[in-house]
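A.B. asks: Here are the chains, one letter per residue:
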Amino acid sequence: MTATTNNMRDWLLSDTPTSRRHARVASTYQAWLAFRSNTLAMFGLSILIFLLLVAAAAPLLAPHSPFTQDLANRLAPLGTDGHVLGTDSLGRDILSRLIFGSRITLYIVTLVALIAPLAGLLMGTVAGYAGGWIDLVLMRITDIFLAFPRLVLALAFVAALGAGIENAVLAISLTAWPPYARIARAETLTIRNTDFISAVRLQGAGPLRIITRHIWPLCISSLIVRVTLDMAGIILAAAGLGFLGLGAQPPSPEWGAMISEGRRFILDHWWVATMPGLAIFTVSLAFNLLGDGLRDVLDPKDEK
Amino acid sequence: MSALKFENLNVWFGDGRDRVNAVRNASFEVQQGESFGLVGESGSGKSTIMRALTGLVPTWSGRMEVNGKPLGTKRDRAFYKTVQMVFQDPYASLHPRHSVDHVLSETLHLHGFRDIEKRIERLLEDVGLGPSFRFRYPHQLSGGQRQRVAIARALAPEPSILLLDEPTSALDVSVQAEILNLLTDLRDEHDLTFLMVSHDLAVVGHMCSRIAVMKDGEIVEVMSVEDMRALSPEHPYTQHLLKASLGYFRDEEEPGGEPLTGTA
Amino acid sequence: MTDLLEVKDLWVRFPTRRGIFDAVRGISFGLGRERLGIVGESGSGKSMTGRAILRLIRPPGQVEAAHIKLDGENLLDKSEAQMRKVRGERISMVMQDPKFSLNPVMTVGDQIMEAYRLHSRAGRAEARKRALEMLEAVMIRDPERVMRAYPHEMSGGMGQRIMIAMMLIPDPELLIADEPTSALDVSVQGQVLQIMDRLVKERGMGLIFISHDLNLVAQFCDRVLIMYSGRVVETCDAHRLHEATHPYTRGLLNSLPRLDAPRKRLEVLKRDPAWAEAPSVGPEA
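Residue numbers (our numbering), protein chains in the order written: chain A, 1 to 304; chain B, 1 to 264; chain C, 1 to 285.
Incorrect hints may appear among the rest.
[To be verified] Listed below are several chain B residues computed to face chain C (Cβ distance under 7 Å; list not exhaustive):
| no. | residue |
| --- | --- |
| 1 | G130 |
| 2 | A170 |
| 3 | D172 |
| 4 | E178 |
| 5 | V203 |
| 6 | H206 |
| 7 | A244 |
| 8 | S245 |
[What the hints assert, rightly or not] Here chain A is said to cover these stretches of chain B; the calculated rule only asks that three of the stretch's residues, wherever they fall, bring their Cβ under 8 Å from a Cβ of chain A:
| no. | stretch |
| --- | --- |
| 9 | 74-84 |
| 10 | 100-114 |
| 11 | 225-231 |
[Stated by the list, open to error] Beyond 10 Å from chain C on every Cβ pair, some chain B residues (computed):
| no. | residue |
| --- | --- |
| 12 | R24 |
| 13 | R51 |
| 14 | R63 |
| 15 | P70 |
| 16 | S160 |
| 17 | G205 |
Just so you know, the hints here were simulated from the structure itself, not pulled from any lab data.
Just so it is clear, the structure is predicted and the values come from calculations on it, not from any experiment.
No residue lacks a Cβ here, since even glycine has one placed at the ideal position from N, Cα and C.
Only chain A is shown next, with the shape it has when bound in the complex (with noise of 0.2 Å):
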């Protein structure tokens, strides 16, 4: 047993892959070891490991349905039976609503922090790497949006469009891809003069395939990791965007329109906002940490 775990750690460790198989796994594991010793960033994982798990077992795991009204037990604190976080101005189990509110949260997140990288890593590298006009119009657009406040978008799409989650979200990826863009730019700005880029070009390679397959798996791991230091952003404003009942509409249990429907009780029954408020800031911190880990095992400095 223990000369087979030998073998495979030797095999994982190698310096001389024999195979592009094993040059990929290899490299990923060792990627992997050297994210496994920082241990803030393990406890970020962790925590978005168990908040998919909760999310995918919402309906096993809630002790109630987010949505039934028990209006005399309405504002039962803490402990109070059945109601381990105790229970909302409706009567409806905070724990539940928080549980099946994670699914929410997380489908907000995916879908901006698809969206916002993607749409800014185009933008960017095209124009940083054509230079001339069309960075300079590629830009200013950039800056267009840029300029944008978030919420004052997301009113313009709610008066246009309804409210609602998806527009929420549109809105936010809106206002979040243009710092990708900058990034993806100036990282491109540095690529683009290296000897390495030079070769290709001198092989005959397009623009299409350098900036696919050479400048993209460089931008990519800085987009990452902004992505995740991002996250807290884009759960707060969908937050923000739910307290003011822009994104998710109610009954809907999503934690910033939980936390706008508890102001009102914050001095007598302070659980209300704060649970759902809890809830909001152990996810940003955990993408926070998730971020530094990432950033320091992608960093491609210390490749020498």
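Knowing the structure of chain A, use the given hints to seat chains B and C on it.
C.D. replies: Just chains B and C, lined up with the frame of chain A:
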């Protein structure tokens, strides 16, 4: 027909007030099968000539010919199959996320070769790297090994002219010897024409048969390596370079023969 | 003649994911008021030796030695605060690229004056005068203008001369120069070396010249140590380097292309693992 011909080549960066003339009125020829050295200190324009030749610097005027064909602003596939370049810094000339296999197969693919597997194996063998190096990433290679990969990449399209931009200046002395020997062997095997840029006269003297000495963008002298070895250059700057490269002299003799001023 | 610096059994170790890496493995040498060259390729441990003497190696790097004695005092016994007084005042270091060792946001004059005032109680006026003197000593023609300039406005050769001025202004006893001319053009190298040569001789300083350039070290120094894989494999007088006996040294000498001795192929160094295993060659009796 010469392999490379430069006539009144001017290369500049920037325009208007910020224009810097990196190469001024350079003219020389490299014959088929010859190894020609471009020597000079930093800022002399030697690397810029090669970059203009390969199309990496578009702001030039004058005339450049490869195998008799004049060059314009763009370079085509045929050019890249004839002329290839090895860069100076082995730590910067390989993509950090691409394995050796990826680099070579991409190159072969871009030039339209089909039997990629076989060619990769042969290229690695030609540059003295066994198959065990094939799937490594650059950070798992030493400086000399990386430079071998860069040479393999340059040889993949089977060029006839190889441009070498200070190929060993970032390497240790013992590794330099290996790489220079490798280049010598490959040159004989594939009948290559070399244009080599270096600041190291000994390296150029070892590899080349003729050299052009550059200072501040201009070619000050073109001579054969025998003349250089006989220490019989005509231009004072060449004499100065030769003396300086022969080493440091204590006390009495000042290398360079120029008074110490504040303008170094 | 080993009264200035004595290093005995120096080890420098770095923990890595694959175990402990020994950069320097038990070397010993002595230095008087002379010029000692330490030659080696990358990975030989030569730069680490220089840094270890100045105790510039931070954890997780570990430095161990029987002693590193400067004028009889063991530097390893000193606290960090005491070492700060040693650095600059008694031992100085000139590094390879002035682009990276001069502060880009301070004027040259401010940096040199700071170097002086860190180790003396002089006021600004006095420091300024000394700075101007030092700049003249390194043959800078227009010291007033250079005092007001920023490092990026200087060429490589001038930058390195400024570094030398800055490092010698507190009048140290020992100068460690780590590849001081490797980033310079060949015609400027000679000038910078001459300046260093003259200043070291005038002040009766000791000099440790670390380089990968065997010929340069042989011409510039009095004695040479050749390092390989963290150990000293040979020591000899500089002018007798061509009589060196160790196969590594001979290999290095023979693998250099030479203008005056053309060959078709260069001799390639065949590394013998025994070289790394043999104990370090100690100081000459």
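A.B. asks: Give a verdict on every hint.
C.D. replies: Results for each hint:
For G130/B, the interface hint is violated, since its Cβ never comes within 7 Å of a Cβ in chain C; the closest pair sits about 17 Å apart. Given the 7 Å rule on beta carbons, the hint for A170/B is violated: about 10 Å separates it from the nearest Cβ of chain C. Checking D172/B against chain C by beta carbon gives a least distance of about 4 Å; that is within 7 Å, so the hint holds. Annotation: interface hint on E178/B holds; nearest CB of chain C at approximately 5 Å, less than 7 Å.
Annotation: interface hint on V203/B holds; nearest CB of chain C at approximately 6 Å, less than 7 Å. With a least beta-carbon distance of about 4 Å to chain C, the hint placing H206/B at the interface is held under the 7 Å criterion. Proximity of A244/B to chain C holds as hinted, the smallest CB-CB distance being about 4 Å (cut-off 7 Å). Here the hint on S245/B is kept, as its CB sits about 5 Å from the closest CB of chain C, short of 7 Å.
Against chain A, the stretch 74-84 of chain B contributes 3 residues with a C-beta closer than 8 Å to a partner C-beta. That satisfies the three-residue criterion, and the hint holds. Under the rule that three or more residues need a Cβ within less than 8 Å of chain A, the assignment of the stretch 100-114 of chain B holds, with 5 such residues. With a threshold of 8 Å between beta carbons, the proposed coverage of the stretch 225-231 of chain B by chain A is violated, since 0 of its residues qualify and at least three are required. For R24/B, the condition that its CB be more than 10 Å from all CB atoms of chain C holds, with the nearest at approximately 19 Å.
Annotated as non-interface, R51/B keeps its C-beta farther than 10 Å from every C-beta of chain C; the closest such distance is 20 Å. The non-interface label for R63/B is consistent with chain C: the shortest C-beta to C-beta separation is roughly 30 Å, beyond 10 Å. Distance check on P70/B: its Cβ is at least 34 Å (rounded) from any Cβ of chain C, clearing the 10 Å threshold; non-interface status holds. Once the 10 Å rule is applied to beta carbons, S160/B is consistent with being away from chain C; the minimum gap is 22 Å.
Once the 10 Å rule is applied to beta carbons, G205/B is inconsistent with being away from chain C; the minimum gap is 5 Å.
Hint violations for this structure: numbers 1, 2, 11, 17, all remaining hints satisfied.
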